[in-house]
Each structure stands twice: as C-alpha cells, then as structure tokens.
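Read top to bottom, the protein sequences are chains A and B.
Numbering that gives the first Met the number 0 numbers the first residue of the first sequence as 0 and each following residue consecutively.
Numbering that gives the first Met the number 0 numbers the first residue of the second sequence as 0 and each following residue consecutively.
Please note: incorrect hints may appear among the correct ones.
[Claimed, not checked] Below, simulated DMTMM-like cross-link-like pairs (lysine to aspartate or glutamate); rule was C-alpha separation at most 25 Å, straight line:
#1 A:K181 with B:D101
#2 B:K79 with B:D60
#3 B:K17 with A:E185
#4 B:K97 with A:E185
#5 B:K128 with B:E175
#6 B:K97 with B:E58
#7 A:K181 with B:E137
#8 B:K161 with B:E137
#9 A:K181 with B:D206
#10 A:K181 with B:E185
[To be verified] Quick list of the computed label-pair ranges, beta carbon to beta carbon:
#11 A:R108 with B:S35: 39 to 49 Å
#12 B:T53 with A:F117: 44 to 54 Å
#13 B:A171 with A:A280: 20 to 30 Å
#14 B:N189 with A:A280: 25 to 35 Å
#15 B:E175 with A:A96: 46 to 56 Å
#16 B:S54 with A:N216: 45 to 55 Å
#17 B:A140 with A:N216: 22 to 32 Å
#18 B:T53 with A:G195: 21 to 31 Å
#19 B:K112 with A:K242: 30 to 40 Å
#20 A:L279 with B:K79: 38 to 48 Å
These are calculated hints, taken from the structure and not from any lab test.
Cβ coordinates follow ideal geometry from the N, Cα and C atoms, glycine included.
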Amino acid sequence: MTDPSLAVRRLARSFVFKVILVWLVILGCGGLGFSLIRLNVGFIGEWWRFIVYGEGTSDVWRVGLITTVFISVISIIGAIILAFLSALGRLSRNPLAYGISTFYVSLIRGTPLIVQIFILYFGLPQINQQLAKLIPNFEQQFSLLSNLLLLPALPTGILALSLNYGAYMTEVFRAGIQSVSKGQAEAATALGMTPGQTMWRIVLPQAIRIIIPPVGNDFIAMTKDSALVSVIGVQELLWRAQKVGVQNFRSMETLLIAAGIYWVLTIALQAIQSRIEKRLARGDR
Amino acid sequence: MVRITNLHKVFGKLNVLKGISLEVSQREVVCVIGKSGSGKSTLLRSINFLEEPTSGSIEVDGVEVTPALTGRQRKERIHKVRLLTGMVFQDFNLFPHKSVIDNVIEALLIVKKIPRAQAVEIGESFLGKVGLIDKRDEYPARLSGGQKQRVAIARALAMDPKVMLFDEPTSALDPELIGEVINVMEAVANEGMTMIVVTHEISFARDTADRVVYMEDGNIVEEGAPSQIFSVPQDARTQQFLQRYLNGRS
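Make a model of the complete structure from these sequences and hints.
Here it is as structure tokens:
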C-alpha cells in the first residue's frame, strides 16, 4: 500500500521538475538562437566586470551596478518622504495642501517618466538662463536656486525617480493611513496627544504594515526604471553596457549582461521582499 | 466640575444637539440615556472636543472654552480640557501595536513626559486596579472584550483625569462580559471620580448614578435621581422610552 501523501508529494516534485525542465529548454533555445547569430561569449566574459563595476578603472565599484543600486535606494527614500507628505495633503481638509497634493499626483502620473527626466535635465537650465538675463548677478545672488536649476545628471535622475514614484506611492500611503480606524486617532486625541504625535506614534506604525508590501514592489520596479536615467548620461548599468556595446559593435552581448544583472537583482530583491511579507504576516496580532 | 452651556451641534442639515445645558458637580455620577440618534454620544464627545460644537461653551474644572476663543489660545484650552478628561469608547480603541502596559503608559510618556520607569509604575498600579496586572505584556488582540475595556479604563485613569467620560462602554460586549466592566466602573465611582456615562445599562444607572439624564432628539427631556426617573418619570417621552426599553430587555 502506498501512502497517499507520499504520492501527492511525488507528484508535486515531478511538477517542479517539469517546470525546471521547461525553463531549461527555453534557456537552451535562447542559447541556440544566440549561437546562430554568433553571440560572442568570450566578449561577454572579457567585458562584464568592466561594465558591471568598472574593473580596471579608477572608478572601480563606483559605477554600473553600484550606481544603479545607489540611485534606487536614495530615490525610494525620497519617494517615501514625498508620498507621505503628499498623502497627508491628500487627506487634509486644507484646500492649499489638498490642491498641491492632487496637482502633483495628477501631473506626474499623467506624464511619462522619461519626459520628466528630460524636463528636469534639459528644461530647467533654460529657466536659469532666462533668470540670469532678467536678474543681474542671479547665479551669485541666488546660488541655491541656480544650482537646483543646473543640477548634475545623477541628482537629477534621483530627483526624477523620487518625484515619479512619490506620486504613485501617494495613493498607497493614503490607503494605508486610512486603513487605520478613526477610533485610534480619537483615542490618542482624547489622551491629549497632538495631531503630530497621533500620526507618528499611533497611526503610522499601524499603517506601515499595509504600506510595506506595495512599497517593496515599487522598489523593485524602480531598480528597473532607474535604467532610464542613462539617457542623461548617468553611468549606471545600462549606460555602460550600451557605451561598450556600441563602441565594439557588440550591443547584444553587453545588453544581455545588463539584462542578466537586472534579472538577478530583482530576483534577489523579490526573495527579500517575500521574507519581509512573511514576517509581517506572522506578526499579525 | 463640568458645565455645558447652550450647546448646539449641526452636522450638515442635521441638528444633533439643540441647545444643551448641563452641570455636573464633583464626585457626581451622571448617566445619559436615550434612543440611538438622540445626540447623547455627540454630547459626550463634545465635552473633550472630539466633536467641535457649532456653538455653546464647555467648562471643565474651571477651564472654559467659549466660541469667542480662537486660534492658539483655543487649541491650548482644548488640550487642557482633554488632559482633565479621560475617555472610554464603545469599541475600546486600544492601540493594537502596543502591549497592554505600553497602551497604558503611552500618553504618560509622550504627553506628560513622565520618565519611563515612573510611568510603568503608575501603569502597573492602574492595571492592578482593574485586575489585569497579569496581562501586562499581552497584546490587545489576545484579550477578551471585557479585558480590553478594563485596560482602556486603566489607560484613561492613568492620566489622572478629573472627569471620566464613558461612551457606551458595554455596548460592544458579550452579555457575560458586561459585569466585569460594570464592576470596575462602580469601583471608580466609589473612589469619588466624577463620571458622565452614556449607557444602555439601566441597572448600572439605577445602582450607581446620582442623576439620570434622558435625551431625545437633541434635547434633554428629563433629568433627576434614578429612583425618580425609573419609577415615576414625568415626561411622556421618557415613560414611553423606559416602557419599551425595559420590556424589550426582559
């Protein structure tokens, strides 16, 4: 007599086995295709370290993957701050705060990210130019504003991603904050807490559990969207892959390197995220 | 201790409170009864400004908030009133992300800025009073409804208020858990706390209240000693309410 649970397990195992097989076959077909177009594997082996972390240059471990990760991490922090403020505005009964928040979300969500990047990088300097014409000594007198209008590529990219994801995450934060019952804020208020203390100590800690999973998703999406800032010359992963590829007529090789790295990166991030989610679920009380 | 003068509250087109005046003296226990929608909860929530009154003034322990008062001064007064009043809600509103003791001491720490060790001492003494010191480190989700409400009472008492406001404290409880909460409330009353209790618990009103206020349609219809209200109500509306209510219960 066979143990039914054993049979189920065997079936499950064979399912996993078959799926792995399918993956391998797809990869094999891809490999075959690449060999038909004479993909230069040697070239990949030779160049991937240079592309991914700038091996052999004075910038080693300061470009490529590191830049990609750096941009993503700083931008998600910026986006979280913006989304929180914007969600507060969205929940406010103050018409100014509500108006600013809804305008920001509508404008950013209604325009392509790449257009936003271009406007910040190529458009703002034009404002600086005009102001410099109108106001004598503008760049010296208002150096902060002037510097903001002439932001270098890397900070521009971070700003664009922060603004963009901040707008998308506004709704996530709003929903998270609203998911905490009104009675919580009332209890805190009745105990004498200020609106700030109530938000910070009572509402936000409860909202965070709702907010974290979608923010994790957005972080993974952002690491991929960070490739867009290559268009303004930030030396992140895609920029380097493309430069090396074009110069050597080996674009497929270098782009595959970039794609592979992004893939591995998102798989790793997804694994981390599912762990965090499991922990959040376990802490349910 | 509490003086409510000509309090009006309008929600959109709805006239919830139509000029309520009520005085509660020190150590007095006042029960507010009435149908749902009579405005009794709104009245209670106006005392600590969870509801902003449309007009009328509130005075708690000499701190008066009048409509003339605006801006920062008003905010400061309202804050003072909230420190003088403790509130217990129908659905407890314990903070689910904090343990029982942390629920009780949270406001001691961040509102009164009492050092943690001292706050814990205060918190434990009040948990002892409501008989839940052994649940000190549990989270609210692990407590029964009656236990939750007792923690909520301890949390409010720990702030050392002059007046306790109870908003239907037993309405969300299973019948067998009502008794333990009522017992705690009676103990609080016996220690001389000034209490305003919105309740459907006629037995509590009869046994513990010094005065019963019957509200209907945004007005106080009748008030008096429980013996008078429950045995010889003067107003026809009070009679009708009590008749229906008491019959419905038995």
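Hint by hint, here is what the structure shows:
no.: 1; hint: A:K181 with B:D101; result: holds (20 Å)
no.: 2; hint: B:K79 with B:D60; result: holds (10 Å)
no.: 3; hint: B:K17 with A:E185; result: holds (24 Å)
no.: 4; hint: B:K97 with A:E185; result: holds (16 Å)
no.: 5; hint: B:K128 with B:E175; result: holds (21 Å)
no.: 6; hint: B:K97 with B:E58; result: violated (33 Å)
no.: 7; hint: A:K181 with B:E137; result: holds (23 Å)
no.: 8; hint: B:K161 with B:E137; result: violated (29 Å)
no.: 9; hint: A:K181 with B:D206; result: violated (33 Å)
no.: 10; hint: A:K181 with B:E185; result: violated (29 Å)
no.: 11; hint: A:R108 with B:S35: 39 to 49 Å; result: holds (43 Å)
no.: 12; hint: B:T53 with A:F117: 44 to 54 Å; result: holds (53 Å)
no.: 13; hint: B:A171 with A:A280: 20 to 30 Å; result: holds (27 Å)
no.: 14; hint: B:N189 with A:A280: 25 to 35 Å; result: violated (45 Å)
no.: 15; hint: B:E175 with A:A96: 46 to 56 Å; result: holds (48 Å)
no.: 16; hint: B:S54 with A:N216: 45 to 55 Å; result: holds (49 Å)
no.: 17; hint: B:A140 with A:N216: 22 to 32 Å; result: holds (27 Å)
no.: 18; hint: B:T53 with A:G195: 21 to 31 Å; result: holds (27 Å)
no.: 19; hint: B:K112 with A:K242: 30 to 40 Å; result: violated (58 Å)
no.: 20; hint: A:L279 with B:K79: 38 to 48 Å; result: holds (39 Å)
Hint compliance for this structure: hints 6, 8, 9, 10, 14, 19 are not met, and every other hint is.
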